[in-house]
Amino acid sequence: MTVTTDPVALNQWVPCAWDGQIPVGGSLDTMIFGQPIHVQRTGEDSYRVAAVDGTTERELPVQVRYTCVFTTLGDTPRPLPEIAEFDEADRRITGCGNVGVNTSPYRLVENFLDMAHFAFIHTDVLGALDQTEVLAYRTEHRKEVDEIWAIDCTFYQPAASKAATGGQLTRYVYRVMSPFSVMLYKNVVTDPSRNDAICVFIQPKRETECLAYMPMAIVDEVSTVGDLIDFQQSIFLQDRVILENQRPALLPLDPTSELPTRADASSIAYRRWLKAMDIRFGILEKQAA
Amino acid sequence: MAIRLYDYSLSGSCYKVRLMLGFLGLEYERVQMNFYPGRQHRSPEFREINPLGQIPVLEEDGLRLRDAQAILCHLANSHDASGEWLPRDAERFGPVMMWLMFAGGELMAASAARLHDALGYELDIEEARRKARAAFRVLDDHLTAREIAGARWIVGDTPTIADVACFPYVALAGDGGLGHEEYPALRNWMRDFRRLPRFRAMSGIPEFI
Amino acid sequence: MSVARELWTGVALDDQIQAASSNPVILDGQALAVWRGEEGPVRVWEDRCPHRGMRLSFGFVRGETLRCIYHGWTYATDGQCLAIPAHPTLAPPKTICASTYPSETRYGIVWTKLDGGSNGAALPDLGPDEGWEPVRSLFVHAAASPVLEALLNCDLGQQGPVHMVAENAAEVEIGPELRVLVAVHAMDDERTALHAVARGPRAASERAGLARRLERLRDDIERA
Numbered sequence: 001m002t003v004t005t006d007p008v009a010l011n012q013w014v015p016c017a018w019d020g021q022i023p024v025g026g027s028l029d030t031m032i033f034g035q036p037i038h039v040q041r042t043g044e045d046s047y048r049v050a051a052v053d054g055t056t057e058r059e060l061p062v063q064v065r066y067t068c069v070f071t072t073l074g075d076t077p078r079p080l081p082e083i084a085e086f087d088e089a090d091r092r093i094t095g096c097g098n099v100g101v102n103t104s105p106y107r108l109v110e111n112f113l114d115m116a117h118f119a120f121i122h123t124d125v126l127g128a129l130d131q132t133e134v135l136a137y138r139t140e141h142r143k144e145v146d147e148i149w150a151i152d153c154t155f156y157q158p159a160a161s162k163a164a165t166g167g168q169l170t171r172y173v174y175r176v177m178s179p180f181s182v183m184l185y186k187n188v189v190t191d192p193s194r195n196d197a198i199c200v201f202i203q204p205k206r207e208t209e210c211l212a213y214m215p216m217a218i219v220d221e222v223s224t225v226g227d228l229i230d231f232q233q234s235i236f237l238q239d240r241v242i243l244e245n246q247r248p249a250l251l252p253l254d255p256t257s258e259l260p261t262r263a264d265a266s267s268i269a270y271r272r273w274l275k276a277m278d279i280r281f282g283i284l285e286k287q288a289a
Numbered sequence: 290m291a292i293r294l295y296d297y298s299l300s301g302s303c304y305k306v307r308l309m310l311g312f313l314g315l316e317y318e319r320v321q322m323n324f325y326p327g328r329q330h331r332s333p334e335f336r337e338i339n340p341l342g343q344i345p346v347l348e349e350d351g352l353r354l355r356d357a358q359a360i361l362c363h364l365a366n367s368h369d370a371s372g373e374w375l376p377r378d379a380e381r382f383g384p385v386m387m388w389l390m391f392a393g394g395e396l397m398a399a400s401a402a403r404l405h406d407a408l409g410y411e412l413d414i415e416e417a418r419r420k421a422r423a424a425f426r427v428l429d430d431h432l433t434a435r436e437i438a439g440a441r442w443i444v445g446d447t448p449t450i451a452d453v454a455c456f457p458y459v460a461l462a463g464d465g466g467l468g469h470e471e472y473p474a475l476r477n478w479m480r481d482f483r484r485l486p487r488f489r490a491m492s493g494i495p496e497f498i
Numbered sequence: 499m500s501v502a503r504e505l506w507t508g509v510a511l512d513d514q515i516q517a518a519s520s521n522p523v524i525l526d527g528q529a530l531a532v533w534r535g536e537e538g539p540v541r542v543w544e545d546r547c548p549h550r551g552m553r554l555s556f557g558f559v560r561g562e563t564l565r566c567i568y569h570g571w572t573y574a575t576d577g578q579c580l581a582i583p584a585h586p587t588l589a590p591p592k593t594i595c596a597s598t599y600p601s602e603t604r605y606g607i608v609w610t611k612l613d614g615g616s617n618g619a620a621l622p623d624l625g626p627d628e629g630w631e632p633v634r635s636l637f638v639h640a641a642a643s644p645v646l647e648a649l650l651n652c653d654l655g656q657q658g659p660v661h662m663v664a665e666n667a668a669e670v671e672i673g674p675e676l677r678v679l680v681a682v683h684a685m686d687d688e689r690t691a692l693h694a695v696a697r698g699p700r701a702a703s704e705r706a707g708l709a710r711r712l713e714r715l716r717d718d719i720e721r722a
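Chains as they are written, first to last, in this note's numbering: chain A, 1 to 289; chain B, 290 to 498; chain C, 499 to 722.
Isolated chain A (complex conformation) (with noise of 0.2 Å):
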């Protein structure tokens, strides 16, 4: 495809390369919104972005965050989100490098923020099979920051997260914090006052091809860098196959072509949110436009 017109999409920062994925005086040739951009490391915490085109270059904004490099390709992006979780001191901070995802970004917010699908894609670990309930949450769209948050989310899981040694009723807490970038808070198991901050940071590109990146913020004193980055792939990687197998792999806004539930709120709230913002960029309705 051809770089997108979308203003919608371009003034977001996106993730290009994970921290460490390129060595010092090294880089790497990516692509956002269908836009080949060369990343170059330059130093030990620095890098160079920029959009190429042909032999032409043109030099993008940077930021190094959340384990990430982000860039953006528009002149007024909405800005990054904060996310204190990332400045605890004792907090165990890890990126899962990054993986591909032949399917719209929005597919993969959309599965981040659902609870249904615990028993069937992560049983026994984020799910059991005799309790599928998801019990009512509320959404908010929080006009200040301009995120769609939902909060009072309970679920059933056996085995919650690296740590767990049982079954717990965790409580979440999900953010929307862009049309591309989503994040949840989990009760620690082994400390309920805290939360887990896990992310999901997407790399659109191009419509319907993502890469994702997947920092996260825990606190857990015994597990391995190996063991934390493990649990998370496997949870991802059973996730990729749904994310694969969706038809049309282009999100639809049209209310009627998918039928949501009461356990849908979230991804209802999303929808809403994405049609107002007028994004055209891997929605299906907008592809004749």
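Each hint should be verified, as a subset may be incorrect.
Said to hold, decoys possible - Here are the simulated distance ranges between beta carbons:
#1 Ala-440(B) x Ile-268(A): 34 to 42 Å
#2 Arg-247(A) x Asp-687(C): 54 to 62 Å
#3 Gln-657(C) x Glu-416(B): 32 to 40 Å
#4 Gln-657(C) x Thr-256(A): 47 to 55 Å
#5 Pro-36(A) x Ser-367(B): 30 to 38 Å
#6 Ala-706(C) x Arg-247(A): 51 to 59 Å
#7 Ser-367(B) x Gly-167(A): 35 to 43 Å
#8 Leu-412(B) x Ala-706(C): 32 to 40 Å
Stated by the list, open to error - A few chain B residues that don't get close to chain C, going by computed Cβ distances all over 12 Å:
#9 Arg-307
#10 Gly-314
#11 Tyr-317
#12 Ser-371
#13 Gly-383
#14 Gly-393
#15 Gly-409
#16 Ile-414
#17 Asp-446
#18 Thr-447
#19 Pro-486
#20 Pro-495
Honestly, the hints are just simulated from the structure, not real lab data.
The beta carbon of each residue, even a glycine, is placed where N, CA and C say it ideally should be.
Assemble the complex: chain A is given as a structure, and chains B and C must be docked to it using the hints.
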């Protein structure tokens, strides 16, 4: 007689070994490898364990083995009193070995396609998919002939390590953008395999059947 | 060969659709879920759960229901949603329904058509349904028209005439006592499936040999 497995959950080759350990009901210690993004299998420390820098590696009683197919042979040879997982009669031994080599050879094109799509490995994806489809067809033709002969497994009347070795990358084909539409005999064989007692799924293979 | 939507097309061998299984089939670029309950006939549905678009060919069967793998939504054989596990006490509204296509099993082949109405030609009629043995399905990396042409000119051994019994099905006579019916199924512009069954006293004993000759035909078409 402790068994230790250097393991990564998302590795189809490690999964072959986990399946076999499960079928044989063997306890084992799991050494978690940070394969991606850590590339721990390529670290100098791990190269001392396996100079090829590959997982799985299995250790038992001072024995240190690499290569999933070799490990399956070892486990069946040492721990399967029935002898059915690795039959020694001439009629079955050779064919089991043949399909075992196929699993570690031609079928690994499907692993390459998966590594490309999911973990961004740089390789010729169309070539990998073409080779994977060719391998799937060879196995589908074989299993079709087996269906016609009234049989279900790759060799003989019971599942063998050939089935264990071939299953993961056939089942995980979708992770590399390869559908199962063209392989009805593979689908039926996979379903039979998934219904075996002690079968365990892995990420990329749905739990319910 | 165009895929007329009102034409019955053979899409699978009945014998290869296991009890309690859901299977992916592509017909004219459209994804279908071809499934069978623990007993009963094969059904052909759109490969898409109306909830979140997940392919139902990944689903699992319990009794005579097909359940979507994503959230376990449960569908009866007429497509009606019976249960939504996220809301165990909710009776799903009648409007939640999977899209179904007509399906018939005849001569050991599962036939369907994308146009659900009663327009168009009837199923091929080769006499009584009994006595047909499955041979095998083949998937050829070529468009339907060259595959059909090759089929009309093929030699499956001691062969008599090949005649079309429908726009997308041919009957091959091999000697006086063996007839092979081949249904031709266009998956897309580049792939064509063949579903072969045989009838006659030698049909069962010749099955393996026929399957090999059809594999040779497939390979020859792809080489051409």
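A quick look at each hint next to the structure:
1. A hinted range of 34 to 42 Å for the beta carbons of Ala-440(B) and Ile-268(A) is inconsistent with their spacing of about 51 Å.
2. As the Cβ distance of Arg-247(A) to Asp-687(C) is approximately 19 Å, the hint placing it in 54 to 62 Å is violated.
3. A hinted range of 32 to 40 Å for the beta carbons of Gln-657(C) and Glu-416(B) is consistent with their spacing of about 38 Å.
4. In this structure the hint that Gln-657(C) and Thr-256(A) lie 47 to 55 Å apart at CB holds, the actual value being about 54 Å.
5. Checked against the hint of 30 to 38 Å, the pair Pro-36(A) and Ser-367(B) fails, with Cβ atoms roughly 53 Å apart.
6. Restraint check, Ala-706(C) to Arg-247(A): a C-beta distance of roughly 37 Å breaks the suggested window 51 to 59 Å.
7. Between Ser-367(B) and Gly-167(A) the C-beta distance comes to about 36 Å, which sits within the given range of 35 to 43 Å.
8. Distance hint check for Leu-412(B) and Ala-706(C): the Cβ-Cβ separation is about 38 Å, which falls inside the suggested range of 32 to 40 Å.
9. With a least CB separation of 22 Å from chain C, Arg-307(B) remains clear of the 12 Å interface cut-off, as annotated.
10. No beta-carbon of chain C comes within 12 Å of the beta-carbon of Gly-314(B); the shortest separation is about 26 Å.
11. With a least CB separation of 30 Å from chain C, Tyr-317(B) remains clear of the 12 Å interface cut-off, as annotated.
12. Remark: the non-interface label on Ser-371(B) is consistent with the geometry, its nearest Cβ contact in chain C lying 27 Å away (cut-off 12 Å).
13. Remark: the non-interface label on Gly-383(B) is consistent with the geometry, its nearest Cβ contact in chain C lying 21 Å away (cut-off 12 Å).
14. Under the 12 Å C-beta cut-off, the non-interface status given to Gly-393(B) relative to chain C holds; the minimum distance is some 25 Å.
15. The non-interface label for Gly-409(B) is consistent with chain C: the shortest C-beta to C-beta separation is roughly 25 Å, beyond 12 Å.
16. The non-interface label for Ile-414(B) is consistent with chain C: the shortest C-beta to C-beta separation is roughly 17 Å, beyond 12 Å.
17. No beta-carbon of chain C comes within 12 Å of the beta-carbon of Asp-446(B); the shortest separation is about 18 Å.
18. Once the 12 Å rule is applied to beta carbons, Thr-447(B) is consistent with being away from chain C; the minimum gap is 19 Å.
19. Chain C leaves Pro-486(B) outside its interface by the beta-carbon criterion, the shortest separation being 17 Å against a cut-off of 12 Å.
20. Some Cβ of chain C comes within 12 Å of the Cβ of Pro-495(B); the nearest lies about 5 Å off, and the non-interface call is violated.
In the structure shown, a violation is registered for the earlier hints numbered 1, 2, 5, 6 and 20, in ascending order.
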